[in-house]
Amino acid sequence: MQSATTVVEPRPTVADFHRVNRGGGLFSESVSQWIGAVFALVAQRLGLRPTALTITNLVLGLATSVTVVALAGRVAAGDVPAWVVGLAALVGWQVAYALDCADGQLARVTGQGSAAGARVDVLCDVAAQIALVAALGATAVAQRPGTPSWLVAVFAGTWMVNLVTSVMQSGPNAASMVTSTSLPVRLVKLVRDYGAVIFVAALVLMLAPALTFWVVVAFTVVNGGFLLASIAFSARASLR
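Okay, so the sequence shown: first residue is 0 according to numbering that gives the first Met the number 0, each after it adds one.
Incorrect hints may have been included.
[Stated by the list, open to error] Derived Cβ-Cβ restraints for the label pairs, each shown as a range: (1) R239 / L186: 45 to 51 Å; (2) R143 / R118: 23 to 29 Å; (3) L86 / L227: 34 to 40 Å; (4) V41 / G223: 38 to 44 Å; (5) V41 / R143: 37 to 43 Å.
No lab work stands behind these hints: they were computed from the structure. The structure presented is a predicted model; accordingly, all values stated were derived computationally and were not measured. Even for Gly, the Cβ is constructed at its ideal location relative to N, Cα and C.
Please put together the full structure from these sequences, using the hints given.
Structural data, given as structure tokens:
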């Protein structure tokens, strides 16, 4: 009598998880997605579902941003060292973003993806980024009380352009204005790489919080310009 042979499926590795990443830019692919792959591997070993990583990302991101908001005034007054808050922001935001990268990797490798999970992911991204914008806006106002309220409002609105366009890029009608993948182009695109952006923002909070006002100005101009360019690009394509 012939015995049945049991086929043992190989366990996924960190490289397997990273291989299915959805990009995000040069910094995100080189740093955040790799850290996310490690988180995805650990989650897979523990039997966690992707949504568990999504919720953890949200909680950590919100906690970090709320901490920055709560201490913005005390940092500006010199009561709390800026480097302490900045370091907390650097670690908290980067780990939260790596978890955001990990949930999608885990879903794709383990086949646990679902429409509901994708919706939760997007909604948590929106909530986390609203908190992040509030943290940067609060710091800018605390460091420079004369910061115009309209600037903070426009900054908050244009910041969400990245999130909206990234969601649009995942659909069947996705299109890119710049398709080149050359290194110079990818370096320029770092201004829209979320991992790189929050890294720079946290460094400013840590080393020179007074410059947060100019961070707000810079990203308002960058994201506002990208929005206008995207409208023109899409309008031109629709009129052909």
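Verification of the hints:
no.	hint	result
1	R239 / L186: 45 to 51 Å	violated (31 Å)
2	R143 / R118: 23 to 29 Å	violated (38 Å)
3	L86 / L227: 34 to 40 Å	holds (36 Å)
4	V41 / G223: 38 to 44 Å	holds (39 Å)
5	V41 / R143: 37 to 43 Å	holds (42 Å)
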